[in-house]
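Going down the list, the protein sequences come from chains A and B. FYI, in full-length UniProt numbering the residues of the first sequence are 1 to 361. FYI, in full-length UniProt numbering the residues of the second sequence are 1 to 361.
Be a bit skeptical, because a hint or two may be false.
One copy or two, it doesn't matter: identical chains are merged, so the pair holds either way.
[Stated by the list, open to error] Calculated lysine-lysine pairs in the DSSO-like style (CA-CA distance at most 27 angstroms, straight line):
1) 259 x 177
2) 177 x 340
3) 177 x 324
4) 140 x 296
Since the hints were made in silico from the structure, they are not lab data.
Protein chains: 2
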Amino acid sequence: MANDKTQVRFGILGCAEIARKLCRAINLSPNSTLHAISSRSIEKAKQFAIKNTLPESVKVYGSYEDVLDDPFVDAVYVPLPTSLHLKWAMLAAEKKKHVLLEKPTALNVEELDRILDACRSNGVQFMDGSMWYHHPRTEKMKEFVSDTNLFGRVKTIYSSSSYLPPPQFFENNIRTKADLDSFGALGDAGWYCIGAILWAMNYKLPTTVKALPATTFNSTGVIMSTTVAFHWEQEEATATFYCSFLSHETMDVSVLGSKGSFHVEDWIIPYEESSASFNLTSAARFAELHIGWNMKEQVVQVHNELPQEAFMVREFSRLVKGIKDCEIRPDTMWGDISRKSQVVLDAVKSSVDNGFKMVYI
Amino acid sequence: MANDKTQVRFGILGCAEIARKLCRAINLSPNSTLHAISSRSIEKAKQFAIKNTLPESVKVYGSYEDVLDDPFVDAVYVPLPTSLHLKWAMLAAEKKKHVLLEKPTALNVEELDRILDACRSNGVQFMDGSMWYHHPRTEKMKEFVSDTNLFGRVKTIYSSSSYLPPPQFFENNIRTKADLDSFGALGDAGWYCIGAILWAMNYKLPTTVKALPATTFNSTGVIMSTTVAFHWEQEEATATFYCSFLSHETMDVSVLGSKGSFHVEDWIIPYEESSASFNLTSAARFAELHIGWNMKEQVVQVHNELPQEAFMVREFSRLVKGIKDCEIRPDTMWGDISRKSQVVLDAVKSSVDNGFKMVYI
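Hey, can you work out the whole structure from these sequences and the hints?
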């Protein structure tokens, strides 16, 4: 398997919980294979392999460097704490490994630019680990939002991404540590909201970004929850989002246009693996006497033969294989999307850090 | 019918389009009857009576004063432009007519206070015409939001109220005229969002109110659309809403708590008259490996034997009858709710009028 040239061979840096999901996705994706895993401790890596019943063919390394030095590894998946992304993503690129990097991509856009430059100059593909972009439902939603007759143009967007982790999360999890993931809930959960909002706005950056004073922090100053407002001057559009580690699990996106609107309540992780839906209305009107509507929401159901994370791996591997086989250039679209999300993420953090002032982008 | 002492007899000031819906509601409510309609022009009033096939027993007056001077009229419904509310609601109260007043209730809270004082000192009931409070679905949603085990406490609320009227609306409708309804879309559509947000927060006023700069106006300076953010300092809660005359029809409320959340997309006017629903989740969790959820949204369906506007009329008439029969004092709860909505409405208007600054309440 390790020498099967038709498959993109993945190495994973670190044994984060999310790496379990990616091991499965790499296995499910038809054009990729898991070649190596690693941890700073060989024992931890071995335990990970056992827990996830990885086949014996998978190499188990006691250092990240070993993965980067393995000539059979084509691409690395990097689920390390954000503060380590710069170092390991750059090293991976320099070793000519294609980079699938967990979000948030970096501590700031200057770091991300260094990573993207390293990928560009070494001819390797970059993609961040936001899975929802790759779900066929997202494509269907995009079709609707792009339809000037049915949807019109975007007027406002609302999004939320929240969950309530167990108490030990707040003691131990990297997402609550200022030196590891300084964006806290904003980076972990808010990243998705920013991505969804930019996606709906065709990646046009907002004119202003402002966090609300109800933002909460843990004792070390890491954001636990925040509410943020954007506006686009030229488009006369607005967006608001809420992200939190202190609230019930939600994953809402509502996009309201001049002629239509849609709602989805499980956009980051669909309720079910094999199908997902969203609800839309278009040309809705009050009924006579305003005693009802002329329609109800239409449920658009989308079936998917693979989980969205496997679609992500498949797309990433397709690009990697194209580069390997045909010597085409890496596709910069995914890096551009990540970069815009990072720019907005930085602006929100700046608003929070500066007394919730309005930040112009 | 006019002398049936078991029925509360309504007079209507003005032949606004919404009055058609109320005529029907008064007819459907078991404890009320339509006694008189009026317009500044007797011809217009007669046409309204014909168009709505009102029975001949209904008096048709060519002035509002005639309604207030009719001794058989117990209560008036006032769907006049907001700038006329102060005059006609006060006159009605002084003539001992109970007042069902369309929203927004007044041009500012000082005006509303004068109306409420007049109602109080004349012993008449006050209620504003927000119908959704009276739908049995609203009671069910309130049960859920009040359940500390299933819902927890409110973290954030999102609401939208928007519609896209035909072009002539922007030429002729009172809601676009600075001298008639100076709040524009904020008063007509945003009133509901403010009400829903306060309702979810148990009528606790927010600490701050701020409109976003993407607010749009017509040529005379009337608000056509705006996005607004609230925060509650003590509760560490936030809310955002969008209201608009320039967007597709939406009526969204999402309330996100520490343990549960719910969504409703037709809260102001339900899709259908005889039943309505909302979607809730409680104790939702990621499934193992984060490849799904442990549940989907639960649809709570509520059947209603009357349309919500008939429930409103019935409740108002019940209070009026209690005052007439038992000489009990008017219920001040509805006036208190209206007053809080008006206070917040004024604060949002102040934010808009002062360069979108943050307004402390």
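Point to revise | Hint check against the structure, violated hint numbers in rising order | key: 3
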